[in-house]
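*Asks:* Use the sequences and the hints to build the structure in full.
If you read the sequences in order, they're chains A and B.
Using this note's numbering, the letters of the first sequence map in sequence onto residues 27 to 140.
Using this note's numbering, the letters of the second sequence map in sequence onto residues 50 to 163.
The set of hints was computed from the structure by calculation and includes no laboratory data.
Where hints are given, some of them may not hold.
[What the hints assert, rightly or not] Straight-line alpha carbon distances no greater than 30 Å define the calculated DSSO-like cross-link-like pairs of lysine-lysine that follow: (1) A:Lys127 with B:Lys117; (2) A:Lys137 with A:Lys95; (3) B:Lys117 with A:Lys84; (4) B:Lys73 with A:Lys127; (5) B:Lys127 with A:Lys127; (6) A:Lys94 with A:Lys75; (7) A:Lys94 with A:Lys84; (8) A:Lys95 with A:Lys127; (9) B:Lys73 with B:Lys127; (10) A:Lys94 with A:Lys137; (11) A:Lys84 with A:Lys95; (12) B:Lys73 with B:Lys117.
Being a predicted model, the structure only gives us computed values, none of them experimental.
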Amino acid sequence: AQSVTQLGSHVSVSEGALVLLRCNYSSSVPPYLFWYVQYPNQGLQLLLKYTTGATLVKGINGFEAEFKKSETSFHLTKPSAHMSDAAEYFCAVSEASGTYKYIFGTGTRLKVLA
Amino acid sequence: DAGVIQSPRHEVTEMGQEVTLRCKPISGHNSLFWYRQTMMRGLELLIYFNNNVPIDDSGMPEDRFSAKMPNASFSTLKIQPSEPRDSAVYFCASSQQSWANVLTFGAGSRLTVL
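*Replies:* Set out below in structure tokens:
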């Protein structure tokens, strides 16, 4: 069975500071990993995904994430936060062997302070 | 492409009434998902269609919930009769494959059952 844990339901950072949103997963088979972002009153949008290959994945809006198999982690980072980054972020996992079932984390709401 | 289109965006109804939510997936996408989002339970997969055929409806909470996909460009989620605990945001998402591909979400339908 797969699961996703996002540490911290709320994270606050100052504008210009590093953003670090944590995601740990559990999977008995090689996973595909995703980060989605949800802005108020909108659906989720893909930030980035890891399937195979390079473990450091770059996404939109300057975000990136690194797949660390030994730590079963897929943390999301951005070097410098912008006010427009304020949103809710969801980590998700699916089985690399092929499944439609994405397991979403409970989300982390990012607040950016001026 | 206009993306995944959902209607209505907001629905307020009284307990016992029938509710129908509609979704138009992205043209060419052969997989369609209905999710429900609540504060308590996060994002829950309700039902998954592949090539217009329901593959997994194990997430549908009760017999009061039903979903159809009569063709590749239209799906409905119906709740009859509705109850206050059905209040949530319902998302439709589509993808080109049933796994490992990006889910494109609609903006959601916010349902309030009084």
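*Asks:* When the hints from earlier in the document are held up against this structure, which numbers fail?
*Replies:* 3
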